[in-house]
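S.K.: Read off the chains here:
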Amino acid sequence: MAVLADRRGDAAIASARARDRRRNRRRRIPLLPALLFTIVVTQIPFLLTIYYSLQSYSLYNPFARHFAGLHNYTLIFTDPIFRTALLNTVILTVVPVLLSLLLGLGIALLLDRKVLGRGLLRTLIVSPFLVMPAAAALVWKFTLLDTQFGLINWVLSPFGVNHTDWINNHAKETIITVLTWQWTPFMMLILLAGLQSQSGDVLEAARVDGAGGWQIFRRMTLPHLRQYMELGIVLGSIYIVQAFDAIFMITSGGPGQQTTNIPYYLYETAFRSFDIGRASAMGVVVVVITIVIATFALRTISGLFSEQGMEGRL
Amino acid sequence: MAAAAAAVTVAGLAACASSSSSGQASGQQTITVAVVNNPQMIDIQKLTPKGFSASHPNIKVKYVTLDENTLRDQVTKDVAAGGGQFDVVMIGPYEVPTWAKNHWIDDLSSFAAKDAAYDVNDLIKPIRDSLSVGGKLYASPFYGESSFLMYRKDLLAKAGLTMPAHPTWDQVAAMAKKLNEPGKGMAGICLRGKTGWGENLAPLDTVVNTFGGQWYDMSWNAHLTSPAFEKATNFYVNLIKAAGEPGAGNFSFNECANAMMQQKAAMWYDATVGASVIDAPGSPIAGKLGYAPAPVELTKNSGWLWSWALAIESSSKHKDAAWTYISWATSKQYIQYAGKQLGWASVPPGSRYSTYSNPSYKKAAGAFATPTLNEINGVNVSHPGVSPQPYVGVQYVGIPEFEDLGTRVSQEITAAIAGQETVAQALTKSQGYAVPVGQAHKSG
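Protein chains in written order, with our numbering: chain A, 70 to 383; chain B, 846 to 1289.
The following block holds chain A by itself, in its conformation from the complex (with noise of 0.2 Å):
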């Protein structure tokens, strides 16, 4: 009898969970469409670029298409530009994730204190963020950087620097400048969140229990911070990554290919030299780097910043 209770419970069970497992299929019936619409948007131009990538394929010169093997991949990998600026896209994306990083740390630590006019503070520091990357391009270009016209050889025209061509002669320094300054707003915020999420309790007993500022900072609230500023990170580094409006506007890759990044030497492979075939062997290139660099990046950067790590450290 036992057993048969047994079975019957079996059975019940069995059949709940068939019912479960149709229900739920049901409910995500009505997520299919922005599937289908992520699948066209992303995976079918993607495949379409591998099928770009292995032809022979020029807009200049439309009659001569044909399919081309790995011919595109061949030149890519022996393409000193592109190795340049690889390197060029690590050093404008690491360098500014990370001073952003450390100056939204300052800025949100300044802001969670109590100050006159904090949220008038707040607006203007998020400004930067808000404004169109292509105008806030402009301004730095023309409005600060000049040489004959530019506010900064003014301001430190007393000081004997004058006719400083800012934007040849320091041109990755001005790109980061640019982006480190776009980006700060937006570290800033998230951290802020982090900080205004830390229970008052917790920092109270600390004291109490005779913690100073600064080991209060160490111990608990970087700790703390860990999330946020991983989220930071990953989030930063994808867009980041991707940083073209600024280069495009101020430097135009130059000079030479000092701030000839991934993403802007893709632009001109295929529109200016309208290469299409080598344009998509190098998407695919970088796709297949990208998804190899955030796996391990993630993976190391959650392991520095997990809580054994940052104990072990500090």
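Since the hints were made in silico from the structure, they are not lab data. Any given hint might turn out to be false.
[What the hints assert, rightly or not] Not close to chain A: a few residues of chain B, all C-beta gaps over 12 Å, as computed:
#1 K895
#2 S900
#3 V924
#4 A1019
#5 K1162
#6 T1169
#7 A1183
[As the list claims (entries may be wrong)] Derived DMTMM-like pairs: lysine to aspartate or glutamate, alpha-carbon spacing no greater than 20 Å straight-line:
#8 K907(B) <-> D1165(B)
#9 K1109(B) <-> D215(A)
#10 K1029(B) <-> D270(A)
#11 K981(B) <-> D967(B)
#12 K1145(B) <-> D1015(B)
#13 K1177(B) <-> E1026(B)
#14 K210(A) <-> D912(B)
#15 K1003(B) <-> D967(B)
#16 K1086(B) <-> D999(B)
#17 K1022(B) <-> D999(B)
#18 K1086(B) <-> E273(A)
#19 K1133(B) <-> E1026(B)
#20 K1177(B) <-> D1015(B)
#21 K241(A) <-> E1266(B)
#22 K1086(B) <-> E1026(B)
Don't be surprised by glycine CBs; every beta carbon is placed ideally from N, CA and C.
With chain A's structure known, arrange chain B on it following the hints.
M.R.: Leaving out everything else, chain B in the frame of chain A:
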């Protein structure tokens, strides 16, 4: 990605534009015209509502104005992919042969033949020839230009200098160094340094030609590291460093025109059309300018030849409306109209003989009218330098790959001007870009 997003946005906007045009009163058409942001093109946009739209209520003209480099990217992308975003595009002698061969633009001769008032033979011959393939006109010149030296007569006189009738580059360099006064914010000469084959390579290539250098010899061997090419490039870069405008790496036509008008440069070697900007009424230095032919070394002439001309995209759906617009914008009547509205000195020059026989133009532009015409007539586009060349073009190499190759080389030149690398380094890299392109032409 940003570029792709931008392209999608632009395409979206274009789609909006075309749908709005079909939605309006029957027969009304909108044509989209892509132009370079040079002063004469800004002028025609101001004159279009009264000068054109008033008499052609069925044709709505929408302008897209871009700087030279962006315009090239956008327009080439559009015609090559058959995007149909633009109906009328502004191009020049470099684009016409390839584009005509690829059937990206339409032959205008048949339109012009039907249009008696549009006097094709009045178009200045070297300019017209540079825009024709197989005797058929593919783009109508809005203006035509060569290059020459513009200088401040008053400043030269003050410094006790006289401009020779046919100056050499060495003479010009010596004068530029005397006129250069960085303490007073006055540069001896303004020369283009901005990246872009149509930007810094244009004047530099004319210098290379007259110094005896060339890009390719008759069997397509690249010669960017030849002694003559290197000597010319060193000369150009050193002249900018010694007596050029500060921050030259960002300077091109519009920036130099501004520097001249703000009295920050004493001489300017650039397009002849520059005179119509800086020597026009309203310019603070109007009337103070003298003009000399493009400076030379080993050749007799060294001016370039260019024209910003209007062509009809083959994928356009409003070709008749597009021709109606082009035949107005490049007509004698437009030049008359612009002369009356804006003053004769600033009308689009170098496109029509009738402009140069017009008494009002001769009076207003007397200082630079004849020098411009002489320079244009003196250009030999198939043999501008000392040695023969297998390609057409003075300040460019007339092959499709040059858009990419020229941009690469011009990036290196900007780096050399900014002192980021030596001229020898820049040219060694450039030679590396140029050799494979030459190889392709050898086998092809």
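S.K.: Hint by hint, note whether the structure agrees.
M.R.: Now for the hints, and whether the structure bears them out:
no.: 1; hint: K895; verdict: holds, 31 Å
no.: 2; hint: S900; verdict: holds, 37 Å
no.: 3; hint: V924; verdict: violated, 9 Å
no.: 4; hint: A1019; verdict: holds, 23 Å
no.: 5; hint: K1162; verdict: holds, 20 Å
no.: 6; hint: T1169; verdict: holds, 29 Å
no.: 7; hint: A1183; verdict: holds, 29 Å
no.: 8; hint: K907(B) <-> D1165(B); verdict: holds, 16 Å
no.: 9; hint: K1109(B) <-> D215(A); verdict: holds, 14 Å
no.: 10; hint: K1029(B) <-> D270(A); verdict: violated, 65 Å
no.: 11; hint: K981(B) <-> D967(B); verdict: holds, 15 Å
no.: 12; hint: K1145(B) <-> D1015(B); verdict: holds, 15 Å
no.: 13; hint: K1177(B) <-> E1026(B); verdict: violated, 43 Å
no.: 14; hint: K210(A) <-> D912(B); verdict: holds, 15 Å
no.: 15; hint: K1003(B) <-> D967(B); verdict: violated, 42 Å
no.: 16; hint: K1086(B) <-> D999(B); verdict: violated, 24 Å
no.: 17; hint: K1022(B) <-> D999(B); verdict: holds, 16 Å
no.: 18; hint: K1086(B) <-> E273(A); verdict: violated, 64 Å
no.: 19; hint: K1133(B) <-> E1026(B); verdict: holds, 19 Å
no.: 20; hint: K1177(B) <-> D1015(B); verdict: violated, 40 Å
no.: 21; hint: K241(A) <-> E1266(B); verdict: holds, 15 Å
no.: 22; hint: K1086(B) <-> E1026(B); verdict: holds, 13 Å
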